[in-house]
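Residue numbers (this note's numbering), protein chains in the order written: chain A, 1 to 310; chain B, 1 to 268.
No lab work stands behind these hints, which were simulated from the structure alone.
The structure displayed is predicted, hence computed values, not measured ones.
Be a bit skeptical, because a hint or two may be false.
Said to hold, decoys possible - Okay, derived cross-link-like pairs now, DSS-like style, lysine-lysine, Cα gap no bigger than 30 Å in a straight line:
#, chain 1, residue 1, chain 2, residue 2
1, A, Lys291, B, Lys150
2, B, Lys80, B, Lys128
3, A, Lys173, A, Lys83
4, B, Lys201, B, Lys128
5, A, Lys291, B, Lys201
6, B, Lys150, B, Lys128
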Amino acid sequence: MSWELYLPIARHSANVIMLLGMGGFVGFISGMFGVGGGFLMTPMLIMAGIPPVVAAASDSNQIVAAATSGAYAHHRMGNVDLKMGCILLLGNWGGGTLGVEIIKILRASGGADLLIKSTYVVLLAIVGTLMLVESLRSIRRSASQSNEVEPAGGTPLYLRWGQAMPWAMHFEKSDVTISPMLPFLVGAFVGMIGSIMGLGGGFIMVPLMYYLLRMPMYLVVGTNLFQEAFLCANVTVLQAVANHAVDLVLAVSLLVGSSLGAQVGARASRRLHADQLRLLLAVIILLVMAKIMLGLILPPRFMLDVKGVH
Amino acid sequence: MGRNKNRPFLKFHMPALALLLGVFLLPATCAGSVEVAPERVGIGAFFGGARLTVTGEVPQGAQAVIEVVGRTAEQDLMRKGRHWDIWMNVGEVDVFGAPRLYYVLSSSPQLISTANANLPWGYSALRKEISFRSDNEKLEAGTLFEEFIKLKESQGLYGVFPDAVTLSSAPAGTESLVHAVISVPTRITPGDYQICLFAVKGVQSTSTSCVSFHVTLVGLPAFLSSLAQSHAVLYGLLAVAIAVMAGFLSGLLFKRKKILGSQQKDQC
Numbered sequence: 001m002s003w004e005l006y007l008p009i010a011r012h013s014a015n016v017i018m019l020l021g022m023g024g025f026v027g028f029i030s031g032m033f034g035v036g037g038g039f040l041m042t043p044m045l046i047m048a049g050i051p052p053v054v055a056a057a058s059d060s061n062q063i064v065a066a067a068t069s070g071a072y073a074h075h076r077m078g079n080v081d082l083k084m085g086c087i088l089l090l091g092n093w094g095g096g097t098l099g100v101e102i103i104k105i106l107r108a109s110g111g112a113d114l115l116i117k118s119t120y121v122v123l124l125a126i127v128g129t130l131m132l133v134e135s136l137r138s139i140r141r142s143a144s145q146s147n148e149v150e151p152a153g154g155t156p157l158y159l160r161w162g163q164a165m166p167w168a169m170h171f172e173k174s175d176v177t178i179s180p181m182l183p184f185l186v187g188a189f190v191g192m193i194g195s196i197m198g199l200g201g202g203f204i205m206v207p208l209m210y211y212l213l214r215m216p217m218y219l220v221v222g223t224n225l226f227q228e229a230f231l232c233a234n235v236t237v238l239q240a241v242a243n244h245a246v247d248l249v250l251a252v253s254l255l256v257g258s259s260l261g262a263q264v265g266a267r268a269s270r271r272l273h274a275d276q277l278r279l280l281l282a283v284i285i286l287l288v289m290a291k292i293m294l295g296l297i298l299p300p301r302f303m304l305d306v307k308g309v310h
Numbered sequence: 001m002g003r004n005k006n007r008p009f010l011k012f013h014m015p016a017l018a019l020l021l022g023v024f025l026l027p028a029t030c031a032g033s034v035e036v037a038p039e040r041v042g043i044g045a046f047f048g049g050a051r052l053t054v055t056g057e058v059p060q061g062a063q064a065v066i067e068v069v070g071r072t073a074e075q076d077l078m079r080k081g082r083h084w085d086i087w088m089n090v091g092e093v094d095v096f097g098a099p100r101l102y103y104v105l106s107s108s109p110q111l112i113s114t115a116n117a118n119l120p121w122g123y124s125a126l127r128k129e130i131s132f133r134s135d136n137e138k139l140e141a142g143t144l145f146e147e148f149i150k151l152k153e154s155q156g157l158y159g160v161f162p163d164a165v166t167l168s169s170a171p172a173g174t175e176s177l178v179h180a181v182i183s184v185p186t187r188i189t190p191g192d193y194q195i196c197l198f199a200v201k202g203v204q205s206t207s208t209s210c211v212s213f214h215v216t217l218v219g220l221p222a223f224l225s226s227l228a229q230s231h232a233v234l235y236g237l238l239a240v241a242i243a244v245m246a247g248f249l250s251g252l253l254f255k256r257k258k259i260l261g262s263q264q265k266d267q268c
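With these hints in hand, go ahead and build the complete structure from the sequences.
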């Protein structure tokens, strides 16, 4: 029997062991850091020869499984803030719709590709660097066993804006009192960026939930997976209807690996300190950013490419 | 079994027809025979490509060229370019008249040399058939053709294979037997494909014979492809339902494993 599994929508065969391995690796990352893993999986699938549109759409489908598995595991451990997750999800849907319209306008004017690529690099660089610096500082602080909790200097500007917003409410689980507008706007921003870049946007959502919404790291991971499962389920149906781009065989192969990987990742995350988790995620984000940067700088192998490649 | 065997009229009248054409239109334009096995390629759940065996006959002393051609279809591609020292997609390119699959095999390397632009087969012939339309007028068509071929060759859909056709003497001694093996890539799309055998003397084709093979989806790929096209909403919901169930199932499996593990610990 051939190990080459035929993908009827991608119209191409791929090695079944490779697909299971890719799913397992990304699922592990997903369960460990609470990100969907789209920023890793889609480029990996394109490198494996899957058409980009099919890669992105099928990846959304497998994220549903990884996020459901991860969110379920975190929910059992009490790591999901459902109230916060629902508000983020509402914002995400609104922002996602806005992002699709922006991309339509930019595609018509020919500026979409530049926007997508520059947004990718800039965001990954900012998020990765901030997380790296912050986690290193935090690890050094705990290593020196200093008792200084917060450096003097008052409340940051973005927090003061957040506190100034109306209808402040208390989120018991996260133990924060903020306006629901803040998580809604965070969700809308990530949804917009995510739909422009064709991703779930978990790698932006996670730092924003931690730094801007001031949620504890253990809740950030579970809550993000919760809202990402719903978001990607919506994207899967839309992609299946609008583009016929969801390859069920590809998605199932990936999700078998990713569902198991997510469970292992969720358990591994409990063995690591929050600062170590952030440091690892920062390194992964910066590596992905460096890979995309090289792709922008080095001359491509082919001057023509299949439509749909960012 | 070749396509000609499905046509009794041609089978019984071909020798007379060939003789007639041979007398009045030298060299002959339709003679000899070619067969392909298998004639149907089924793409099932596991598909690592297929191997087709092409056999035929050419007059003794003639060389052989085999051309494998798929149906033409408009293709939309993106053109890469450099803006502000960054490589990116700079515009769309529509490709017309390009076959989905194109292979040319020969018994001698000179027969498919790209140096000879007048050959009726190979990339030089293909260049005359393919046209490009781009929203960027600055792009040169010559470069686009070369880049298009490079892309297709990387996908395994186009190829030039010198010396891939073997010739051997027939027992009767008047004709040479032709044999070639074609590897069908996994990216091949369902549909009809044509294989033509050219008998060549010098660089002129003296006879041509064609046969076709059919590629079709079977089993699970056929079912899913049809469902995705005809019932897209149902297909999308099914995809989500499977993903959610898989997510919960793996969660339950791990939970069960953990409970069993803790029970064993308690017993110890």
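Evaluation of the provided hints:
For the hint linking lysine 291(A) to lysine 150(B), the alpha-carbon distance of about 24 Å falls within 30 Å, and the restraint holds. Our distance criterion of 30 Å between C-alpha atoms is met by lysine 80(B) and lysine 128(B), whose separation comes to about 24 Å. Our distance criterion of 30 Å between C-alpha atoms is met by lysine 173(A) and lysine 83(A), whose separation comes to about 9 Å. For the suggested pair lysine 201(B) and lysine 128(B), the alpha carbons sit about 23 Å apart, so the restraint of at most 30 Å is met.
Of the supplied pair hints, the one linking lysine 291(A) and lysine 201(B) is violated, its CA atoms being roughly 53 Å apart against a limit of 30 Å. For a cut-off of 30 Å, the pair hint linking lysine 150(B) to lysine 128(B) stands: about 17 Å separates their Cα positions.
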